[in-house]
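Q: For reference, the chains in residue letters:
Protein chains: 2
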Amino acid sequence: MAYKKIAQDFLNKSNISIGDLVKVEKGEIQYNGILLDRSEDAEDNHIVLKIDNGYNIGLNISNAKIELIKKGSKPEIKYDNVEIVNDPEKDNILIISTGGTVSSIIDYKTGAVHPVFTASDLLKANSELLDLANIDVKALYNILSENMKPEYWVNTAKSIADEINNGVDGVVVAHGTDTMHYTSAALSFMLESPVPIVITGAQRSSDRPSTDAFLNLMNSVGAAKSNIAEVTVCMHGTLDDVYCDLHRGTKVRKMHTSRRDTFRSIDNEPIARFKNGELSSINTNNYTKRNSKELKLSDNLESKVAIIKTFPGITEELINYHVDKGYKGLLIEGTGLGHIPDYMLNAIKRANEENIAIVMTSQCIYGTLNMNVYSTGRKLLNAGVISGGDMTPETAYVKLCWALGQSENLNDVTNIITTNIAGELNEKSSLKYFLN
Amino acid sequence: MAYKKIAQDFLNKSNISIGDLVKVEKGEIQYNGILLDRSEDAEDNHIVLKIDNGYNIGLNISNAKIELIKKGSKPEIKYDNVEIVNDPEKDNILIISTGGTVSSIIDYKTGAVHPVFTASDLLKANSELLDLANIDVKALYNILSENMKPEYWVNTAKSIADEINNGVDGVVVAHGTDTMHYTSAALSFMLESPVPIVITGAQRSSDRPSTDAFLNLMNSVGAAKSNIAEVTVCMHGTLDDVYCDLHRGTKVRKMHTSRRDTFRSIDNEPIARFKNGELSSINTNNYTKRNSKELKLSDNLESKVAIIKTFPGITEELINYHVDKGYKGLLIEGTGLGHIPDYMLNAIKRANEENIAIVMTSQCIYGTLNMNVYSTGRKLLNAGVISGGDMTPETAYVKLCWALGQSENLNDVTNIITTNIAGELNEKSSLKYFLN
Chain R
1 MAYKKIAQDF LNKSNISIGD LVKVEKGEIQ YNGILLDRSE DAEDNHIVLK
51 IDNGYNIGLN ISNAKIELIK KGSKPEIKYD NVEIVNDPEK DNILIISTGG
101 TVSSIIDYKT GAVHPVFTAS DLLKANSELL DLANIDVKAL YNILSENMKP
151 EYWVNTAKSI ADEINNGVDG VVVAHGTDTM HYTSAALSFM LESPVPIVIT
201 GAQRSSDRPS TDAFLNLMNS VGAAKSNIAE VTVCMHGTLD DVYCDLHRGT
251 KVRKMHTSRR DTFRSIDNEP IARFKNGELS SINTNNYTKR NSKELKLSDN
301 LESKVAIIKT FPGITEELIN YHVDKGYKGL LIEGTGLGHI PDYMLNAIKR
351 ANEENIAIVM TSQCIYGTLN MNVYSTGRKL LNAGVISGGD MTPETAYVKL
401 CWALGQSENL NDVTNIITTN IAGELNEKSS LKYFLN
Chain X
1 MAYKKIAQDF LNKSNISIGD LVKVEKGEIQ YNGILLDRSE DAEDNHIVLK
51 IDNGYNIGLN ISNAKIELIK KGSKPEIKYD NVEIVNDPEK DNILIISTGG
101 TVSSIIDYKT GAVHPVFTAS DLLKANSELL DLANIDVKAL YNILSENMKP
151 EYWVNTAKSI ADEINNGVDG VVVAHGTDTM HYTSAALSFM LESPVPIVIT
201 GAQRSSDRPS TDAFLNLMNS VGAAKSNIAE VTVCMHGTLD DVYCDLHRGT
251 KVRKMHTSRR DTFRSIDNEP IARFKNGELS SINTNNYTKR NSKELKLSDN
301 LESKVAIIKT FPGITEELIN YHVDKGYKGL LIEGTGLGHI PDYMLNAIKR
351 ANEENIAIVM TSQCIYGTLN MNVYSTGRKL LNAGVISGGD MTPETAYVKL
401 CWALGQSENL NDVTNIITTN IAGELNEKSS LKYFLN
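Chains R and X, in that order, are what the protein sequence lines are.
Those letters in the first sequence? Residues 1 to 436, by UniProt numbering.
Those letters in the second sequence? Residues 1 to 436, by UniProt numbering.
No lab work stands behind these hints, which were simulated from the structure alone.
Even for Gly, the Cβ is constructed at its ideal location relative to N, Cα and C.
Honestly, I wouldn't trust all of these hints.
List time: in silico DSS-like cross-link candidates among lysine-lysine, alpha-carbon distance up to 25 Å [stated by the list, open to error]:
1) R:K158 x R:K289
2) R:K65 x X:K428
3) X:K325 x R:K325
4) R:K432 x X:K432
5) R:K428 x X:K349
6) X:K158 x X:K304
7) R:K304 x X:K325
8) X:K71 x X:K23
9) X:K432 x R:K275
10) R:K149 x X:K379
11) X:K149 x X:K304
12) X:K325 x R:K349
13) X:K349 x X:K325
14) X:K349 x R:K325
15) R:K26 x X:K149
16) R:K349 x X:K13
17) X:K13 x X:K70
18) R:K149 x X:K432
19) X:K149 x R:K379
If you want the footprint, here are the derived chain X segments under chain R, 3+ residues with CB under 8 Å [unchecked claim]:
20) 28 to 36
21) 222 to 231
Only some residues are given here: those of chain X computed to face chain R with a beta carbon under 8 Å [unchecked claim]:
22) F311
23) Y321
24) L369
25) N370
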């Protein structure tokens, strides 16, 4: 692809070519960025700029002025041959790629994001990782994480289990960020592992100036080599490229649409901090240490589970719909300490009578439920609703899928939901870890 | 009500009576608190303690040890006669009570929370408010805010409009905290007011040692006297009883189940800070000033609107269900920059073809959407989905109800959703106001 007549004329007049840093003025707005080749979607009178925040934008050139700031060398990914020689002194770390921005690079010819499929591709883009460990890469999926499904969690857990049983010293899962915290919760419940399982991703692809992929991958490999044998999420701790925080997989959430430090521990502190691929500080001794126990895989999940968020105006018909459709579990995102409108109570009772597990959480995100304070909460408990304690709605949803995979008996399910399995429930809730 | 045989014997042995500060030990757990009279729900072998965090708990006394810490004077609400004499030098502020914890007091006889219905009751409990302004109180509703409905928003808006048209200098709405931010958004869209409309509430009722009701009411009256003629939420700024933050009604959210400083501005800073019933600092000049324009009430709302939160495992049947049920609008809480699974696209297209307005927001809570970055977002835009920009899901839901009340034409609705009406859309999104 290349720019066509109108755009090409516009660029030629100012002697500008692809890869140059330019300033475009349109009306009162000014854009600075690197000129990319036109994307598939671009119309003939549009040019495509990679702007400072790392995103690509299309600009209509009518009434626009363009000015060269600096001639650019067209950025290129170096595809040198990386020779991979295993060093017996180093840990063996497996990177499992499921897709997402972290395992993608931008094609500067088209502006489109392409997946990096093979081990050698990912290592070519991040060859410094080989200084840290012997690294093998497996491409399991290549999907954007909004398309993740419970069945993919199961396959991912099985693949990880196989590799750990075969002797790897730690696993890094490269994953899209949109639903990373759902997957980290799912792997937390399905896997009891003697070695670390670290999930990471990126908010900007590898070849963007603002990419977070390399820092996240490097520190994830560090975490996978560490003594922290839990399922964790390792992502940027700040807006800067300084360190990553390591979050417990059941207590973490994507809290910002675009910031690199979007992942935050909820009602909890991060377990540790990693810098330059090494442990930099540890916040707690309360984690599972690397051990020689046999890996335990519990990969039965019930997928007939739905999330219902309450709101002023919700109707009880929505509960009835899910009951009629044969759902086995409902995760309710209530308000405050765990409430829904009182006119929903009959539908809740009916669902309970039909043996459907109903778990309450709060759309406040932070803080623990207390369904004993107000009459609404007490009535819901009496109707059989199970309190999700201080679990995030997302973790509680995943746990409900998993609990229903372990037993169809409502008492068993209640016991599982209210028992801490993988750090998801704080016995004593603290007000301390709010918005941190 | 009074304690019966088993519990009474237990208390008599240690010479403990209602109102005393006691220590109860059960196994390894120790509770300190004030002994309340038994609540309705308490069984004969239970006692009820008001513990330090302000909540009441029931304790089974079997195997428990009780010890007197301090004889208590039974706490009582002072029901002195408050003589209300209007001072022509002072502003006239109306408090409209809709229910919730802020307009309740605990009955120390039963431990139950009772609503304060009349003007004189509320003023008796908070008589210092009369130093700040001439205060009138109207009880409009007495409901827990999880039971709020769009039709109550409309009635509240009408009542406020009447009072402002009758000449009050400012309005304070006392409201439950669970859905306060939905109501503040609704009033923001329905009312263009020449004077302040301040919504407040409490996380602990007036007579608890840890109550936040008085500080919130006092500073709300201060805000209602101020120059900030917007719909705002005025609540504790910290865990301490020091000051309140004044949040724009469309940019605020309950972010913690129990903290007093639970309300936080999202992607925004609070407009101002109030201390001792007076303006203490102002963060921006970007607000509507008190003026003499005529109040504008636009109170048409469409209530056939639903919130759908996406999750791994969601089915397109859920969209079809809402279409078949005659919904006019769907607010989707997507992932990341504004995504849902790609297999939902056909159902979305069908909904759009049937003239249903579909607005996208993000379950990240913070940050703005950008549906142009990834293919999923572009496909959704092509299918007619409207980007909610940096609106919270709750504000966008309310705005969609309101937009559909203004017009049934999808182009009009799209224009309304994407145009800033009441400070809900930041034209230039900033990464700055994250978790503040």
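Q: Quick one, are K65 of chain R and K428 of chain X close enough, alpha carbons at most 25 Å?
A: 22 Å, holds
Q: Quick check: the region 222 to 231 of chain X, covered by chain R? Criterion 3+ residues, Cβ under 8 Å.
A: violated (count 0)
Q: Within a Cα-Cα threshold of 25 Å, do K428 of chain R and K349 of chain X meet the stated pairing?
A: 47 Å, violated
Q: Is the Cα-Cα distance between K325 of chain X and K349 of chain R 25 Å or less?
A: Holds, at roughly 23 Å.
Q: Any CB of chain R closer than 8 Å to the CB of L369 of chain X?
A: 6 Å, holds
Q: Keeping to a limit of 25 Å between CA atoms, is the pair of K432 of chain R and K432 of chain X held or broken?
A: Distance ~22 Å between K432 of chain R and K432 of chain X Cα, so the pair holds.
Q: Does K379 of chain X lie within 25 Å of K149 of chain R when you go C-alpha to C-alpha?
A: 20 Å, holds
Q: For the pair we were handed, K13 of chain X and K70 of chain X, check the Cα-Cα distance against 25 Å.
A: 16 Å, holds
Q: Check whether the Cα positions of K26 of chain R and K149 of chain X lie no farther apart than 25 Å.
A: 45 Å, violated
Q: For the pair we were handed, K349 of chain R and K13 of chain X, check the Cα-Cα distance against 25 Å.
A: The hint is violated at about 43 Å.
Q: If you look at each residue in the region 28 to 36 of chain X, do at least three have a Cβ nearer than 8 Å to any Cβ of chain R?
A: violated (count 0)
Q: Mind checking the CB of F311 of chain X against every CB in chain R and telling me if the closest is under 8 Å?
A: 5 Å, holds
Consistency note: the structure conflicts with the earlier hints numbered 5, 15, 16, 18, 20 and 21.
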